[in-house]
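> If you read the sequences in order, they're chains H and L.
Once you know that position 9 of the first sequence is 387 in my numbering, the rest is easy, because the numbers rise by one and skip nothing.
Once you know that position 63 of the second sequence is 113 in my numbering, the rest is easy, because the numbers rise by one and skip nothing.
I should point out that these hints are in silico values taken from the structure, not numbers from a laboratory.
One should not assume that every hint holds.
What the hints assert, rightly or not - Mimicking DSS-like on lysine-lysine, the simulated pairs with C-alpha atoms at most 30 Å apart in a straight line are: (1) H:K476 with L:K120; (2) H:K488 with H:K429; (3) L:K120 with H:K448; (4) L:K59 with H:K448; (5) L:K120 with L:K107; (6) H:K448 with H:K414; (7) H:K488 with H:K434; (8) H:K476 with H:K448; (9) H:K435 with H:K476; (10) H:K476 with H:K414; (11) H:K414 with H:K429; (12) H:K448 with H:K435; (13) H:K414 with H:K435; (14) H:K476 with L:K121; (15) H:K476 with L:K59; (16) L:K120 with H:K437; (17) L:K59 with L:K120; (18) H:K476 with H:K488; (19) H:K488 with H:K437; (20) H:K437 with H:K414; (21) L:K59 with L:K121; (22) L:K121 with H:K488; (23) H:K434 with H:K414; (24) H:K437 with H:K448; (25) L:K107 with H:K429; (26) L:K107 with L:K121; (27) H:K429 with L:K59.
Now for the letters of each chain:
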Amino acid sequence: GQQVMQIPQYQHVQEGEDFTTYCNSSTTLSNIQWYKQRPGGHPVFLIQLVKSGEVKKQKRLTFQFGEAKKNSSLHITATQTTDVGTYFCAGGSGNTGKLIFGQGTTLQVKP
Amino acid sequence: NAGVTQTPKFRVLKTGQSMTLLCAQDMNHEYMYWYRQDPGMGLRLIHYSVGEGTTAKGEVPDGYNVSRLKKQNFLLGLESAAPSQTSVYFCASRLVYGELFFGEGSRLTVL
């Protein structure tokens, strides 16, 4: 079945450093979504990518969807302490409605 | 609007007991999902539904049953709870191809 792998599992950075998390699917995706979960909270939607090679930016966050629609990345420029949390990708396939999450990357930022 | 509401928020069960988690959404969403979250495992899809009266298996469906008799409600049942089902359970809903809206989570402990 469809699998979504996400690396790294943990990342510790100094405030101001950049951060990247990578997501890889075993199958071609119809779309990919990214979520952020703060400690003790629930996942909150960040963005959705649909087109092959798509790049979207939200302030310091840059999201990419691979040309083959099997991989994606989230890059944060100049991290801040407010970026702390776990970032998840979630891949959708076809018209099934199924949405499979990666294992998540937990980001710690040292002030 | 309340969004997605899960009840109960906390529950402790003994091995072999049964229980039902209720998820209710007031956004008229077609799709509803049940995920479980365990440390280091991310969010794993248990069952999902793409419309009233329909359900489908996710990644980890064994030991769980679901029902979607009304569009706004999605019930998750454990017939005979096991310690391996100790987890945080999240319900989510969305429009077709839209973003997921999550509930606050239900923490279940099975002794």
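> None of the hints should be skipped; say for each whether it holds.
Structure-based check of all given hints:
no.	hint	result
1	H:K476 with L:K120	20 Å, holds
2	H:K488 with H:K429	35 Å, violated
3	L:K120 with H:K448	35 Å, violated
4	L:K59 with H:K448	36 Å, violated
5	L:K120 with L:K107	18 Å, holds
6	H:K448 with H:K414	20 Å, holds
7	H:K488 with H:K434	27 Å, holds
8	H:K476 with H:K448	16 Å, holds
9	H:K435 with H:K476	26 Å, holds
10	H:K476 with H:K414	19 Å, holds
11	H:K414 with H:K429	22 Å, holds
12	H:K448 with H:K435	20 Å, holds
13	H:K414 with H:K435	15 Å, holds
14	H:K476 with L:K121	17 Å, holds
15	H:K476 with L:K59	25 Å, holds
16	L:K120 with H:K437	40 Å, violated
17	L:K59 with L:K120	21 Å, holds
18	H:K476 with H:K488	36 Å, violated
19	H:K488 with H:K437	21 Å, holds
20	H:K437 with H:K414	15 Å, holds
21	L:K59 with L:K121	22 Å, holds
22	L:K121 with H:K488	45 Å, violated
23	H:K434 with H:K414	16 Å, holds
24	H:K437 with H:K448	25 Å, holds
25	L:K107 with H:K429	27 Å, holds
26	L:K107 with L:K121	18 Å, holds
27	H:K429 with L:K59	38 Å, violated
When held up to the earlier numbered hints, the structure conflicts with 2, 3, 4, 16, 18, 22 and 27 and fits the remainder.
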